[in-house]
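Participant: Each chain, letter by letter, is given below.
Protein chains: 2
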Amino acid sequence: MKQVQLSHGGGGEETNKLIHDLFYRHFKNDILIKAEDAAVLQTQGKIAFTTDSFTVSPLFFEGGDIGKLAVAGTVNDLSMMGAKPLYLSSAFMIEEGFAFEELERIVESMAKELEKSGAKIVCGDTKVVPRGSVDKLFINTAGIGAVMREGISSQAIKEGDVIIASRDIGRHGATVLMAREGLEVSADLGSDCETLWPAVEALLAENISVSALRDATRGGLAAVLNEWAENSDVCLEIEEAAIKVSDEVQGICEMFGFEATDLANEGTFVAAVAPMHAAFAVSALQRFGFCRDAAVIGRATTQYPGKVVLHSAFGSRRFLDLPKGELLPRIC
Amino acid sequence: MKQVQLSHGGGGEETNKLIHDLFYRHFKNDILIKAEDAAVLQTQGKIAFTTDSFTVSPLFFEGGDIGKLAVAGTVNDLSMMGAKPLYLSSAFMIEEGFAFEELERIVESMAKELEKSGAKIVCGDTKVVPRGSVDKLFINTAGIGAVMREGISSQAIKEGDVIIASRDIGRHGATVLMAREGLEVSADLGSDCETLWPAVEALLAENISVSALRDATRGGLAAVLNEWAENSDVCLEIEEAAIKVSDEVQGICEMFGFEATDLANEGTFVAAVAPMHAAFAVSALQRFGFCRDAAVIGRATTQYPGKVVLHSAFGSRRFLDLPKGELLPRIC
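Sequence order for the protein chains is X and B. Using the UniProt record's numbering, you'd call the opening residue of the first sequence number 1 and step up by one each time. Using the UniProt record's numbering, you'd call the opening residue of the second sequence number 1 and step up by one each time.
Just so you know, these hints were derived from the structure itself, not from any lab. Be a bit skeptical, because a hint or two may be false.
[Stated by the list, open to error] List time: in silico DMTMM-like cross-link candidates among lysine to aspartate or glutamate, alpha-carbon distance up to 20 Å:
(1) B/Lys34 <-> X/Glu13
(2) B/Lys324 <-> X/Glu13
(3) B/Lys34 <-> X/Glu230
(4) X/Lys136 <-> B/Glu227
[Claimed, not checked] Stretch by stretch, here's where chain B covers chain X in the computed footprint (C-beta under 8 Å, at least three residues):
(5) 111-117
(6) 164-175
[To be verified] In silico negatives: residues of chain B with every beta carbon more than 10 Å from chain X:
(7) Thr43
(8) Thr50
(9) Glu115
(10) Arg214
(11) Glu239
(12) Ser312
(13) Gly315
(14) Leu322
(15) Pro323
(16) Arg330
For each residue, glycine too, the CB sits at the ideal point set by N, CA and C.
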C-alpha cells in the first residue's frame, strides 16, 4: 500500500510530485496551478475571512469525512456572515505512513463538496511529520467570501426577532461519538455535515430581513444561543418542544448523559429574522433537503437580557447555559 | 503549572475564556474582537492569499520560535508576491497538557512580529486534542495582502535578469537541526527567521524592475532556483563563490552531510531583477540589517533552459538539482 513519506513534505522533488498528482489534479483551477507563494485574486467590496482546523477522529464517519467537513465548515462560516464563499486555502498536516489511498478519498471528497458552493481552493500547504507527531491527519482551511448582505451579526438581534433552527440537532456529535466508540447504530444516524450556502443564498435572494446567522458547531445550539443573547443583550426564549431531536440522537444522549443542545452540528444553523418574515424564511429553507425540518424555535425578548430561557411543554422554564467541561474532543 | 485542557477547545465557557484572556489580549484589534464566524474586511484592487502550517520542533530555537515563524512565514509569502501584508488568520492545534506559559510566550512572539509589517490577526480557531494526538503545538496562519505591484511571478524571469540573494543561506535549517540534536553551537548561529516586508517594500518604492521574488524556505535556495528555471524556462547560472554561507553553517553541513543550498531559510529571499537595476537593488536591500549581506549571485541565460548551473571558483561547472529525499522534517 502506497504511503505518504516524510520526503513528500520536504519541499523538494517528491513534494512537487504530490502536489501536482494529487492536489492540482482534484482541485484544478487556473489560480491554484500558478503555484506561486500566494494566489492573486480580484475581489470587490467587502470580503469575509475565516479559518478553521479539522482534527476529527475518526477521519471517516457516517455522512462525511474530514475532507467534507474541512470544506463545508469554512464555507459555512463565510455563509453565516452573509458572504458568498469564493476562495479557500487548504493546509494538510499528515503523519508519515498515512495511506495514500485514504488521502486521495479525502481530497476527492473536498472537491465534491466545493461544487455545492462554487468555491475554489486557490492555495495550499503540505506538511508531513514523523510518526507519532500527529494522529493521522489534520486539515486547516481558511476562506474568503464576498459579503452579499452587510450587518448580519451576533450583535444585531432585536427584541421580537424570531429564532429559526434549520433542522434537528446533535447528529454530527452523536455520529462521531458512536463511530469512536465502535458502536453500531441505526442506519438512520449520520452526520448532518453539509454546505449551507445554497440555503443562506435563498434567504438573501428572498430579501428576508436577517439579523444573525450561526452554524451550531462546537458547543452546539446552546453555545450559539448563549453567545447571541450575550452579544445582542436580549433574552432568547426557546420552546423546548420546538427543538427537533431524532430518536437516535435522543437515545445516545440518554445513554451517555449528554444534552442534545450541547452536541456539535456541522450542517445545522440558527437564524434570527424579523417577525414578519419568519414564516416566509421557514418555507424558503424547507425547499432544501437538508433544511426540510426548519422550524421556529423561539423569540428574542427583554425578559432576562443576556440569558437563554427554555420553556418546557409542561409550562416550566429554566435557563439554558453555555456548555461547560470537556464535551467531546476531536469532534471537528 | 497551568496547562491547556481539553475543555479549552470544547467551544463552551472555557474556550471563550481562553480566547478572551489570551488571544484577544495580545492580538487586540477592532475586527478580531467582534468574534463573528468570519472577519469582515474592506480591500481594494487585487489581493494575495496564502496559507502555511507550522509544525517545527523544537518550538523554541535560537533566533525565534514557532509563533515568530508562523507570522513571518505567511507575511513573507505575501511579500514575495509584491503584496503588502494586511490580515492574518491564526489557528492553534494544541496538545492537552501544553503549558499555558509557553503558549503565552508564543502568542506574545506573534504579536511582536506582526508589528514589523503592520499586519493584523483578524480571525482564529483553537483546537485542543487529547495527549498523543499532536506533538505539543501546530499553528496554521493564512494571510491576505494588497498587491502593490502586479506581475511578480516565478514565470516572469527573462534572459539577462540578475539573481540576488538577500543574505547568507542555511541558518534556519542548521539552527533547528542543532537544537533538535541537543548540540551546543557557537553563539553566532541563530535562525534567520524574519519579516521581509520592509525590504520588499523598499524595492518596490525605489521602482526597481522586479521579475520574481521568493523566500528560500523548505528545499532551500536549490528549490527556489530550480522552480524558477523551470517555470520561466531559463537557465540560471550561479557563481558558487557568490553564495554566502557562514562558517557555522558550513561546519554543520560538513558534519551531517548536507548541502547549504538545500537547507531551509526563514528570512532569506531571492530576487530576479532587471540588469540595469541590480546594483541599485543590492544597495536598497543592504540598508536593512537582515539584508546587509545582500549580493548578486548569478544571472538568467539561455544556456540550458530549465536548469540551474553552478560555476565553481575554479572554473568547473555542474547542475544544481532540486533537493531529493527526506531532508529535515518539522523544519518549519
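Participant: All hints are to be evaluated individually against the structure, with a verdict given for each.
Facilitator: Evaluation of the provided hints:
no., hint, in the structure
1, B/Lys34 <-> X/Glu13, "violated, 43 Å"
2, B/Lys324 <-> X/Glu13, "holds, 6 Å"
3, B/Lys34 <-> X/Glu230, "holds, 13 Å"
4, X/Lys136 <-> B/Glu227, "violated, 30 Å"
5, 111-117, "violated (count 0)"
6, 164-175, "violated (count 0)"
7, Thr43, "violated, 6 Å"
8, Thr50, "violated, 4 Å"
9, Glu115, "holds, 20 Å"
10, Arg214, "violated, 6 Å"
11, Glu239, "holds, 23 Å"
12, Ser312, "holds, 23 Å"
13, Gly315, "holds, 28 Å"
14, Leu322, "violated, 5 Å"
15, Pro323, "violated, 4 Å"
16, Arg330, "violated, 6 Å"
The structure does not agree with the numbered hints 1, 4, 5, 6, 7, 8, 10, 14, 15 and 16 stated previously, though it agrees with the rest.
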